[in-house]
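K.L.:
Protein chains in written order, with full-length UniProt numbering: chain A, 1 to 436; chain B, 1 to 436.
None of these hints come from the bench; they were simulated from the model. The structure displayed is predicted, hence computed values, not measured ones. Possibly wrong hints are sitting among the right ones.
Copies of the same chain look alike in the list, so a pair counts if it fits in one copy or across any two.
[As the list claims (entries may be wrong)] The calculated DSS-like cross-link candidates involving lysine-lysine, where the alpha carbons are at most 27 Å apart (straight line), are: (1) Lys39 to Lys101; (2) Lys354 to Lys298; (3) Lys25 to Lys147; (4) Lys354 to Lys26; (5) Lys189 to Lys26; (6) Lys101 to Lys25.
Protein chains: 2
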Amino acid sequence: MNIPQITIPRVVIIGGGFAGIQLAKKLAKQEVQVVMLDKHNYHTFQPLLYQVSTGGLEPDSIAYPIRKILSRFPNFYFRLANVTRIDPEAKKLETNIGPLKYDYLVLATGSKTNFFGNKEIELNSMIMKTVPEALNLRSLILQNFEKALLTDSLDEQDALMNFVIVGGGPTGVELAGALAEIKKGILPKDYPDLDTRRAQINIVQSSDRVLDGMSEVASRKAEEFLEKMGVNIWKDTLVTGYDGDIVSTNSELTFRTATMIWAAGVEGALIDGLKTSECLLPGNRLKVNEFLQVSHYKNIFAIGDIACMTSEDYPRGHPMVAQVAMQQGRNLGDNLLKILENKTDLKPFVYKDKGTMATIGRNKAVVDLPSWKFQGFFAWFVWMFVHLLSLIGFRNRAIVFVNWVYNYIRFDRAARLIIRPYKKETRSKDVKVVAK
Amino acid sequence: MNIPQITIPRVVIIGGGFAGIQLAKKLAKQEVQVVMLDKHNYHTFQPLLYQVSTGGLEPDSIAYPIRKILSRFPNFYFRLANVTRIDPEAKKLETNIGPLKYDYLVLATGSKTNFFGNKEIELNSMIMKTVPEALNLRSLILQNFEKALLTDSLDEQDALMNFVIVGGGPTGVELAGALAEIKKGILPKDYPDLDTRRAQINIVQSSDRVLDGMSEVASRKAEEFLEKMGVNIWKDTLVTGYDGDIVSTNSELTFRTATMIWAAGVEGALIDGLKTSECLLPGNRLKVNEFLQVSHYKNIFAIGDIACMTSEDYPRGHPMVAQVAMQQGRNLGDNLLKILENKTDLKPFVYKDKGTMATIGRNKAVVDLPSWKFQGFFAWFVWMFVHLLSLIGFRNRAIVFVNWVYNYIRFDRAARLIIRPYKKETRSKDVKVVAK
Numbered sequence: 001m002n003i004p005q006i007t008i009p010r011v012v013i014i015g016g017g018f019a020g021i022q023l024a025k026k027l028a029k030q031e032v033q034v035v036m037l038d039k040h041n042y043h044t045f046q047p048l049l050y051q052v053s054t055g056g057l058e059p060d061s062i063a064y065p066i067r068k069i070l071s072r073f074p075n076f077y078f079r080l081a082n083v084t085r086i087d088p089e090a091k092k093l094e095t096n097i098g099p100l101k102y103d104y105l106v107l108a109t110g111s112k113t114n115f116f117g118n119k120e121i122e123l124n125s126m127i128m129k130t131v132p133e134a135l136n137l138r139s140l141i142l143q144n145f146e147k148a149l150l151t152d153s154l155d156e157q158d159a160l161m162n163f164v165i166v167g168g169g170p171t172g173v174e175l176a177g178a179l180a181e182i183k184k185g186i187l188p189k190d191y192p193d194l195d196t197r198r199a200q201i202n203i204v205q206s207s208d209r210v211l212d213g214m215s216e217v218a219s220r221k222a223e224e225f226l227e228k229m230g231v232n233i234w235k236d237t238l239v240t241g242y243d244g245d246i247v248s249t250n251s252e253l254t255f256r257t258a259t260m261i262w263a264a265g266v267e268g269a270l271i272d273g274l275k276t277s278e279c280l281l282p283g284n285r286l287k288v289n290e291f292l293q294v295s296h297y298k299n300i301f302a303i304g305d306i307a308c309m310t311s312e313d314y315p316r317g318h319p320m321v322a323q324v325a326m327q328q329g330r331n332l333g334d335n336l337l338k339i340l341e342n343k344t345d346l347k348p349f350v351y352k353d354k355g356t357m358a359t360i361g362r363n364k365a366v367v368d369l370p371s372w373k374f375q376g377f378f379a380w381f382v383w384m385f386v387h388l389l390s391l392i393g394f395r396n397r398a399i400v401f402v403n404w405v406y407n408y409i410r411f412d413r414a415a416r417l418i419i420r421p422y423k424k425e426t427r428s429k430d431v432k433v434v435a436k
Numbered sequence: 001m002n003i004p005q006i007t008i009p010r011v012v013i014i015g016g017g018f019a020g021i022q023l024a025k026k027l028a029k030q031e032v033q034v035v036m037l038d039k040h041n042y043h044t045f046q047p048l049l050y051q052v053s054t055g056g057l058e059p060d061s062i063a064y065p066i067r068k069i070l071s072r073f074p075n076f077y078f079r080l081a082n083v084t085r086i087d088p089e090a091k092k093l094e095t096n097i098g099p100l101k102y103d104y105l106v107l108a109t110g111s112k113t114n115f116f117g118n119k120e121i122e123l124n125s126m127i128m129k130t131v132p133e134a135l136n137l138r139s140l141i142l143q144n145f146e147k148a149l150l151t152d153s154l155d156e157q158d159a160l161m162n163f164v165i166v167g168g169g170p171t172g173v174e175l176a177g178a179l180a181e182i183k184k185g186i187l188p189k190d191y192p193d194l195d196t197r198r199a200q201i202n203i204v205q206s207s208d209r210v211l212d213g214m215s216e217v218a219s220r221k222a223e224e225f226l227e228k229m230g231v232n233i234w235k236d237t238l239v240t241g242y243d244g245d246i247v248s249t250n251s252e253l254t255f256r257t258a259t260m261i262w263a264a265g266v267e268g269a270l271i272d273g274l275k276t277s278e279c280l281l282p283g284n285r286l287k288v289n290e291f292l293q294v295s296h297y298k299n300i301f302a303i304g305d306i307a308c309m310t311s312e313d314y315p316r317g318h319p320m321v322a323q324v325a326m327q328q329g330r331n332l333g334d335n336l337l338k339i340l341e342n343k344t345d346l347k348p349f350v351y352k353d354k355g356t357m358a359t360i361g362r363n364k365a366v367v368d369l370p371s372w373k374f375q376g377f378f379a380w381f382v383w384m385f386v387h388l389l390s391l392i393g394f395r396n397r398a399i400v401f402v403n404w405v406y407n408y409i410r411f412d413r414a415a416r417l418i419i420r421p422y423k424k425e426t427r428s429k430d431v432k433v434v435a436k
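One chain only, chain A, in its complex shape (with noise of 0.2 Å):
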């Protein structure tokens, strides 16, 4: 892999999502080598990834190149990589672009979309856990329309403007407030041949109540939200299978449509080698010490949606948000220097818990915080000064607000393209797309 053996220790970071950055930008100026592999060369700010789904931001918007985080740094070193073995008794990843030792190893890998076993569901549904992910749902989306006006079977139109959301969550409300808005400001204009008011929105939530993470006040207010929108909620409703074309339920009620968005759990992204029947809870998350320390590994480490830390306010582990990667990227990098350093006074991780939100449309987000839960529009004003704020880098905020103003007072969402055409039928391996 080419990275210079040098006396300092190495501490190699796999992922650079908001755990792994936060811990590089601690180590990054200290007497120790980082080393970042990460599949992509960016960093995805993955809770916009629904905007660029929907047209409403480009993708170069909400990814920020690595290297320029951190490549100001001089111990800093960084490669595409996909990391496929750990090998703890060697100490040795094997990856694939070669081989690499460590002696720390940090898994920051995040999480990946989680079908439960069902094989058809995979093949079928779209997600959107990665740019290119993000971006194929905006094809199918602009394509179905396109679609929509070359039958005159309304069944065939129907389901072609269907969209069904599993999953009640932050992406899912996210998404189908969206969806609304464009169903409302924008098809009407775009398809004037069509009438996209067949067009539906269906939310399936598993759970009695959506956002069922955040306070029940924040979900009567969106579910509230949602309905006046226009987007239909199913409640206690399990998605049993989906064969592109009909998605069944538990229950009697099926959806006939085109576009099944698969938000309805994720796991995480494990990588082969680790004793994991000994460190695996459920969902796939490696259980951690309270210094994030792997079980039964010493030179270890996991932080973010892939660390499993269980505790008496937690006992399930915590929530898999940034706000968690990040604290844990942070206390790890304290504590590995005070490691290097040979001293035992480490810090537990404390999850200082700022609060959640989720917005649902223009002026309507839902914010839950420690000792305040409010809703609506000065809510939507927080959600997008925090989102802007937690944006990497200067640029990408200046073009982010500059097209929340414009979609704003426009009614638009003007990234409404199909730079990549999305073929269905290949998704199952790895996701094929034919670009024209």
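Given the structure of chain A, go ahead and fit chain B onto it with the hints provided.
P.N.:
Below, chain B without anything else, positioned relative to chain A:
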């Protein structure tokens, strides 16, 4: 194709480029049904594609949804379609979404890359006529540098960091300038563990000067700028082959490179079915008369790059540039309205040359106006101003402006993202890419 058959005449425009859009705007409010067909659902602002390839602009900023430009007009229909054949006898088109009858047909299909029959070059070189092609080039450039890190072979590193641009027209010159700026400002920071000073940027030009469509002073100054920026210019040299590794020429000169960009020629993007033997001129352009009527066909017109109207001033047809296309679109619009009203006072097309310009780098451009030729900072400023205003849509202008200000102040190009990795071996048939 599900387009209503009504009593007013139907004009079918193939292509939503500069020419097609201008024509459609002229016709849109009139008593005529306008159907536009395009392979993409967006208009591409091609003059800025090289900035997408080099990470300076986001692809979505130079693309604009065709539906958004024209859908507010009641008699306008857009279909995403690939026209495969024209049947002039039956006044009918064959497309991938079914047949379509026309009363008047306008070919505004533009041009495509001309490889002059060299299959090897077609297979192995990169081109830059569409947004996906520009993005493929962006990915390949970045992937090459990531790869160069992994090898100890200086030869291989040099090949990965060597860029050979064939063609010294505006595309080649502007791309070379952008690459030179990346080499100077970005590479040393992003790849500190690579000796990026060894990166080479070459322009191979068949004639005795770059920008040979412009004035001699513009060429001389452009060459001076390029050389100052470290670009190697090879004049009077024809590239004869490229096997993916070695570029051969008509002299003893060869280059070893992983990236050859072919910007050496375009030809009309023809569609089967016309008596082409009788209306085809060199470069596969359709011969049109002064009313842009295709030879031998009363109700078929051609505008933009595909059209070739020879005159005393332009014995080989007009230059294949946006200005000609836009003026032809507007001219044909006026004439078609007259034809529809059975008027005979058609206005022959006369090209009003407003000048040409090309930019080489920051503060460096060349401008030829009919009565004034100038170069340097002011030319660069004029270039930016004209291109900014020529973009369609307020949002695109605002975003491009923010990006340019940012790039200028920070000497940066933030969109250096490998969103979809480019796989060279699959380039042959219809440019397949694999998304991660």
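K.L.:
Now tell me, hint by hint, if it's right for this structure.
P.N.:
Right, here's what the structure says about each hint:
1. Taking the shortest alpha-carbon separations for Lys39 and Lys101, only the intra-copy value of 18 Å comes in at or below 27 Å, while the best inter-copy value is 49 Å.
2. For a Cα distance limit of 27 Å, the shortest separation of Lys354 from Lys298 qualifies neither inside one copy, at 31 Å, nor across copies, at 71 Å.
3. With identical chains, the CA atoms of Lys25 and Lys147 are at most 27 Å apart between copies only, with a shortest distance of 25 Å across copies and 48 Å within one.
4. Taking the shortest alpha-carbon separations for Lys354 and Lys26, only the intra-copy value of 21 Å comes in at or below 27 Å, while the best inter-copy value is 56 Å.
5. Taking CA atoms no more than 27 Å apart as the test, Lys189 paired with Lys26 passes between copies only; the shortest distance there is 20 Å, against 50 Å inside one copy.
6. Taking the closest pair of Cα atoms, Lys101 and Lys25 come within 27 Å of each other only inside a single copy of the chain (21 Å); across copies the shortest separation is 63 Å, beyond that limit.
When the structure is compared with the earlier hints, a violation turns up for hint 2 alone.
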